[in-house]
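**Student:** Protein sequence lines correspond, in order, to chains A and B.
So for the first sequence, numbering that gives the first Met the number 0 puts the first residue at 0; every next one is plus one.
So for the second sequence, numbering that gives the first Met the number 0 puts the first residue at 0; every next one is plus one.
Worth flagging that the hints you see were computed from the coordinates, not collected in a lab.
Glycine included, each C-beta is placed from N, C-alpha and C at the ideal position.
Treat each hint with caution, since some may be false.
So these bits of chain B aren't anywhere near chain A, every CB distance computed over 10 angstroms [stated by the list, open to error]:
1. ILE28
2. ASP69
3. LEU159
4. GLU353
Mimicking BS3-like on lysine-lysine, the simulated pairs with C-alpha atoms at most 30 angstroms apart in a straight line are [unchecked claim]:
5. A:LYS281 / B:LYS351
6. A:LYS79 / B:LYS351
7. A:LYS280 / B:LYS71
8. A:LYS79 / B:LYS256
9. B:LYS280 / A:LYS79
10. B:LYS262 / A:LYS6
11. B:LYS94 / B:LYS55
12. A:LYS79 / B:LYS262
13. B:LYS261 / A:LYS6
14. A:LYS295 / B:LYS1
15. B:LYS261 / A:LYS71
16. B:LYS281 / B:LYS153
17. B:LYS295 / A:LYS6
18. A:LYS262 / B:LYS71
19. B:LYS281 / A:LYS111
20. A:LYS281 / A:LYS153
21. A:LYS280 / B:LYS79
22. B:LYS111 / B:LYS94
23. B:LYS79 / A:LYS281
24. A:LYS295 / B:LYS71
25. A:LYS261 / A:LYS323
26. B:LYS281 / A:LYS23
27. A:LYS351 / A:LYS256
28. A:LYS345 / A:LYS323
29. A:LYS153 / A:LYS124
30. B:LYS351 / B:LYS192
31. B:LYS55 / A:LYS79
32. A:LYS42 / A:LYS63
33. B:LYS126 / B:LYS205
34. B:LYS295 / A:LYS71
35. B:LYS280 / A:LYS71
36. B:LYS71 / A:LYS323
37. A:LYS291 / A:LYS351
38. A:LYS262 / B:LYS280
2 protein chains.
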Amino acid sequence: MKLTFQKAALLNGINIVLKAVPSKTTMPILECILIDASTDVIKLTGNDMELGIETKVEGNILEKGKIALDAKLFSEITRKLSDGDSMVTIESDEKYNTTITCDNSVFRIQGKDGDEFSYLPYIEKNKYICLSQFTLKELIRQTIFSISVNDSNKMMTGELFEVNGDSLRVVSLDGHRMAIRKILLKDTYENTKVIVPGKTLNEISKILTGDNEKEVQIYFGANHILFEFDDTIVVSRLIEGEYFKVDQMLSSDYATKISVNKKEFLDCIERASILIRENDKKPIILNIEESKMALKLNSSFGTMNAEILIHKTGQDLMIGFNPKFLIDALRIIDDENVTLYMMNPKSPCFIKDEEETYIYLILPVNFNAAAV
Amino acid sequence: MKLTFQKAALLNGINIVLKAVPSKTTMPILECILIDASTDVIKLTGNDMELGIETKVEGNILEKGKIALDAKLFSEITRKLSDGDSMVTIESDEKYNTTITCDNSVFRIQGKDGDEFSYLPYIEKNKYICLSQFTLKELIRQTIFSISVNDSNKMMTGELFEVNGDSLRVVSLDGHRMAIRKILLKDTYENTKVIVPGKTLNEISKILTGDNEKEVQIYFGANHILFEFDDTIVVSRLIEGEYFKVDQMLSSDYATKISVNKKEFLDCIERASILIRENDKKPIILNIEESKMALKLNSSFGTMNAEILIHKTGQDLMIGFNPKFLIDALRIIDDENVTLYMMNPKSPCFIKDEEETYIYLILPVNFNAAAV
Chain A
0 MKLTFQKAAL LNGINIVLKA VPSKTTMPIL ECILIDASTD VIKLTGNDME
50 LGIETKVEGN ILEKGKIALD AKLFSEITRK LSDGDSMVTI ESDEKYNTTI
100 TCDNSVFRIQ GKDGDEFSYL PYIEKNKYIC LSQFTLKELI RQTIFSISVN
150 DSNKMMTGEL FEVNGDSLRV VSLDGHRMAI RKILLKDTYE NTKVIVPGKT
200 LNEISKILTG DNEKEVQIYF GANHILFEFD DTIVVSRLIE GEYFKVDQML
250 SSDYATKISV NKKEFLDCIE RASILIREND KKPIILNIEE SKMALKLNSS
300 FGTMNAEILI HKTGQDLMIG FNPKFLIDAL RIIDDENVTL YMMNPKSPCF
350 IKDEEETYIY LILPVNFNAA AV
Chain B
0 MKLTFQKAAL LNGINIVLKA VPSKTTMPIL ECILIDASTD VIKLTGNDME
50 LGIETKVEGN ILEKGKIALD AKLFSEITRK LSDGDSMVTI ESDEKYNTTI
100 TCDNSVFRIQ GKDGDEFSYL PYIEKNKYIC LSQFTLKELI RQTIFSISVN
150 DSNKMMTGEL FEVNGDSLRV VSLDGHRMAI RKILLKDTYE NTKVIVPGKT
200 LNEISKILTG DNEKEVQIYF GANHILFEFD DTIVVSRLIE GEYFKVDQML
250 SSDYATKISV NKKEFLDCIE RASILIREND KKPIILNIEE SKMALKLNSS
300 FGTMNAEILI HKTGQDLMIG FNPKFLIDAL RIIDDENVTL YMMNPKSPCF
350 IKDEEETYIY LILPVNFNAA AV
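Please put together the full structure from these sequences, using the hints given.
**Tutor:** See the structure below:
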C-alpha cells in the first residue's frame, strides 16, 4: 500500500475516528486505526465494538491496500509532522512494516494486518430522520448532563430518542432528575423509540461541527443506530429494553409558579456551593414569598444567605434542592428568565418554557425546616 | 474589624498571597490568609514558613483589626462574588465570626485570631540589587527547567544568584545539565552569592507582571532573600551551603562547532520523542557531517530518521543525548539559530551565544555505535 495525504486532511480524519478507539481493550487490534485503501477511496476506521466511526479522507492512492496502525502512535506522529500544507506518505509492505514520511523525517513502525480489524456492522437504511448538525449537538448538550454515570441501571446511562410523526423527543434521567428536549422535524417520519448510549452521544457531539447548514441522517436499525454526516459515519449499539414511562412522571399541576432571572439565580446557587465539599449533601433551601425568594445554605464551613426578586403566582413555599441539579439545568438554559412550577416540598419541581421545548424535572430533598 | 473593598482589588491581593499558602501543613493557622488592618493600610499575608508573601490591598478601614480566614474558602467566596465593580464588606467580631457581604449575598464563616499567624522574618536592607520585572521573569524562565526535582541533593533544587559588580549570573544544574544566564545590571552592587529555592522562583515568576517598566528590588539577608515589587513583598529562606564550582565545569575548547536552525532542530527532536514512553531511556543520536546532521532515534515502538542542513566547523562527530534535555534548552532559546560546541562523544556539549548571555551545558549519553 502507498498513499499520500495533505497533513491537515489526514490529521482531521484521525481525530474523528480516534473517538472510537478504546483506551483499554483485550483485543490489541482494536487499539489500531484501520487505513483501508483497497477500493478507490481512503477510509479510516476506529471501533471499540460498541461504537464504531468511519471517515473518508482525501488523498492519493499510489498502491491499493490496507493496514492497521497503533492509534496512539499514528496520531502522535501525524500531529507532530511539519505544517498542515506538507504532504505525508504512508507506505507498507507485505510484512506490515510501515513507513511514514513527511519532509525531512521518516518514521518506521510495525503495522498489523488490516483484515484482522472488525468491520462496522451493516445497518438497513429504512427508518431514519434528518436534522441539522447544530440541532443534534444542542439536543445532546441540553440533556446529556442528567444521564446516570453509575452503571447499575444500564437504561439510565443512555438517552431516549423518540420519533413521533414530525417531532423528536430526547429524554435522559438518573433517578433524581429528568431532562426533556422536544423539536419539530422538517418532515414526517415513521414512529420509533430507541435508547442511545450516553458515551456515543458524548463522542458524536465532539465530532459534529455544529453547523446549522449541514445535515445529519440518523438511521434506526434493530440493535444499532447510525449517524451519517459530512464524510463520516458513526455506528453504535443501542441499549436494549423498554425505557421508563416518561409521560407518567409529567404533570402540569402546580401550586406555586415563579419566574426569576436565570443568571442571578444560577450565580447565587454557584456561590453557595463553595460551602459544600464533594459527597457533602447539603441542600439549598428556597424560601419563596410574595415578590422575593430567599436562598440559604448551611454547612460545616459556614452559611450563605441571599435574596432575589421574583414574580410569583400561587402559594408561598419553602423547598430544598441538591444545588448541583439546579446548577446543571440552569447552566444549559439559554433564556434570560426561567419559570419554575412547584406543588409542595415533596413533589418534583419543573423548569420549563411555555412551549415545553424543554422540561427539566428535579426532585426536592428533605431538610430540617426547624433548623432553617 | 470592618473593611470594604472593590472586589477586583481584593481578589487580586488574594491571588498573590495564595501562592505562599501551603496545601498541606501541620499548623492549621498557616492554611489561612491573614488580613491585617490594625494600622492605616490593609495587608494580606500568606506564609508557609519557607516562603512568605505580603501585599497591600486598597480598601476602606471602617474599624481597625485583624483576622485570619481559611485561604481556600476566602478565595473561592471572593472569586464567586458579583462583578469586579461590586463592593465587598468584611466584618468580624471578637469571637472571630466573620461576615462577607456583596450585593444580595451574605456569607458567614468562622475566622481565627490574627495574632496567632506567623509574621514574615525581618530582613536588613543593606545588600541589594535592582532589575526590571521583565528581566527577572525571563531569567527564571530560562533557567528553572534544569533544577533537580529530586530532593536528594538540596542544592540542586535551587538556583545560584551571583552578583559580581554590575553583573548578575543565575545558574541551575541537576547533575546531567546546567543552565546559565548572565545579565548586566544598571549599577554596581556589593558582591554576593546565594542559593534561592526553586519553589520560590516558580511562585514569584507567577506573580511578576513581566512589565519592563516596573522594577524589583532584591535584598540579600544572611538566611533570607526578599523581593519587593509593586505593593508586594516576597520573603524566602535561602538554601544553605556552598554551591557547585560552576566555572570549573565550563570550557571554551571544542573540536566540532555547528550552527543550526533552532525551530527545525527542536521540531525534529520533539517528533522523535513520540517513540519514547516515560522512563524509556532512548538517546537521540546526532551524526554530524560536512553540511548536514542526521538524527536518529530507535525504540521498541519504531524508528525515526531525519536530516537537517547545518553549518559545521571542525571534525565530524557522532554523539547521543537524552532528547528531553535538548528539547528543554531549545524551547526557551529565542534565537533563530543556535550554536553547539562539542569536543567528543563523552564530553559535555555547550549551547551558547557569542556573548555568553546564555550557556546550556548538556552531558551526552552512551550509545551502541554498532547498532546505529
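**Student:** For every hint, state whether the structure bears it out.
**Tutor:** Against the structure, the hints:
The non-interface label for ILE28 (chain B) is consistent with chain A: the shortest C-beta to C-beta separation is roughly 17 angstroms, beyond 10 angstroms. Taking the minimum C-beta to C-beta distance to chain A, about 8 angstroms, the non-interface status of ASP69 (chain B) is violated against the 10 angstroms cut. Separation of LEU159 (chain B) from chain A is adequate, the least Cβ-Cβ distance of about 35 angstroms exceeding the 10 angstroms criterion. With a least CB separation of 28 angstroms from chain A, GLU353 (chain B) remains clear of the 10 angstroms interface cut-off, as annotated.
Restraint check for LYS281 (chain A) and LYS351 (chain B): not satisfied, since their Cα atoms lie roughly 60 angstroms apart, outside the 30 angstroms limit. A C-alpha spacing of about 27 angstroms is found between LYS79 (chain A) and LYS351 (chain B), which places the hinted pair at or below 30 angstroms, so the restraint holds. Between LYS280 (chain A) and LYS71 (chain B), the direct Cα distance comes to roughly 20 angstroms. Compliance with the 30 angstroms bound is thereby established for this hinted pair. Between LYS79 (chain A) and LYS256 (chain B), the direct Cα distance comes to roughly 28 angstroms. Compliance with the 30 angstroms bound is thereby established for this hinted pair.
A C-alpha spacing of about 20 angstroms is found between LYS280 (chain B) and LYS79 (chain A), which places the hinted pair at or below 30 angstroms, so the restraint holds. The straight-line distance between the Cα atoms of LYS262 (chain B) and LYS6 (chain A) is roughly 19 angstroms, inside the 30 angstroms bound, and the hint therefore holds. For the proposed pair LYS94 (chain B) and LYS55 (chain B), the alpha carbon gap of about 25 angstroms is at most 30 angstroms, so the pair holds. About 13 angstroms separates the Cα atoms of LYS79 (chain A) and LYS262 (chain B), which keeps this hinted pair within 30 angstroms; it holds.
At roughly 22 angstroms between alpha-carbon atoms, LYS261 (chain B) and LYS6 (chain A) fall within 30 angstroms of each other, so this suggested pair holds. Straight-line distance between C-alpha atoms of LYS295 (chain A) and LYS1 (chain B) comes to about 24 angstroms, which keeps the hinted pair within the 30 angstroms bound. The suggested pairing of LYS261 (chain B) with LYS71 (chain A) holds, with an alpha-carbon distance near 27 angstroms, which does not exceed 30 angstroms. Taking the CA atoms of LYS281 (chain B) and LYS153 (chain B), the gap is about 28 angstroms. The hint holds against a cut of 30 angstroms.
Distance hint between LYS295 (chain B) and LYS6 (chain A) is fulfilled; the C-alpha atoms sit about 22 angstroms from each other, no more than 30 angstroms. For the given pair, LYS262 (chain A) sits about 25 angstroms from LYS71 (chain B) by alpha-carbon distance, which is consistent with the 30 angstroms threshold. A distance of roughly 24 angstroms separates the Cα atoms of LYS281 (chain B) and LYS111 (chain A); the hinted pair therefore holds under the 30 angstroms criterion. Between LYS281 (chain A) and LYS153 (chain A) the alpha-carbon distance is near 28 angstroms, which keeps this suggested pair within the 30 angstroms criterion.
Proximity of LYS280 (chain A) to LYS79 (chain B) is assessed by CA-CA distance (about 20 angstroms); at most 30 angstroms being required, the pair is judged to hold. This hinted pair checks out: LYS111 (chain B) and LYS94 (chain B) have alpha carbons roughly 8 angstroms apart, not beyond 30 angstroms. Taking the CA atoms of LYS79 (chain B) and LYS281 (chain A), the gap is about 19 angstroms. The hint holds against a cut of 30 angstroms. At most 30 angstroms may separate the alpha-carbon atoms for a hinted pair to count; LYS295 (chain A) and LYS71 (chain B) meet this at roughly 21 angstroms.
Taking the CA atoms of LYS261 (chain A) and LYS323 (chain A), the gap is about 15 angstroms. The hint holds against a cut of 30 angstroms. For the suggested pair LYS281 (chain B) and LYS23 (chain A), the alpha carbons sit about 26 angstroms apart, so the restraint of at most 30 angstroms is met. With a C-alpha separation of about 11 angstroms, the suggested pairing of LYS351 (chain A) with LYS256 (chain A) holds against the 30 angstroms cut-off. At most 30 angstroms may separate the alpha-carbon atoms for a hinted pair to count; LYS345 (chain A) and LYS323 (chain A) meet this at roughly 18 angstroms.
Distance hint between LYS153 (chain A) and LYS124 (chain A) is fulfilled; the C-alpha atoms sit about 27 angstroms from each other, no more than 30 angstroms. Proximity of LYS351 (chain B) to LYS192 (chain B) is assessed by CA-CA distance (about 23 angstroms); at most 30 angstroms being required, the pair is judged to hold. A C-alpha spacing of about 46 angstroms is found between LYS55 (chain B) and LYS79 (chain A), which places the hinted pair above 30 angstroms, so the restraint is violated. Only pairs whose Cα atoms come within 30 angstroms are accepted, and LYS42 (chain A) paired with LYS63 (chain A) is accepted, the gap being roughly 12 angstroms.
For the hint pairing LYS126 (chain B) with LYS205 (chain B), the CA-to-CA distance comes to about 25 angstroms; that is within 30 angstroms, so the pair holds. Annotation: proposed proximity of LYS295 (chain B) to LYS71 (chain A) holds, straight-line Cα distance about 21 angstroms (limit 30 angstroms). For the suggested pair LYS280 (chain B) and LYS71 (chain A), the alpha carbons sit about 20 angstroms apart, so the restraint of at most 30 angstroms is met. Between LYS71 (chain B) and LYS323 (chain A) the CA atoms are separated by roughly 20 angstroms; this keeps the pair inside 30 angstroms, and the hint holds.
Annotation: proposed proximity of LYS291 (chain A) to LYS351 (chain A) holds, straight-line Cα distance about 20 angstroms (limit 30 angstroms). With a C-alpha separation of about 53 angstroms, the suggested pair LYS262 (chain A) and LYS280 (chain B) falls outside the 30 angstroms cut-off, and the hint is violated.
Of the hints listed earlier, those the structure fails to meet are numbers 2, 5, 31 and 38, in rising order.
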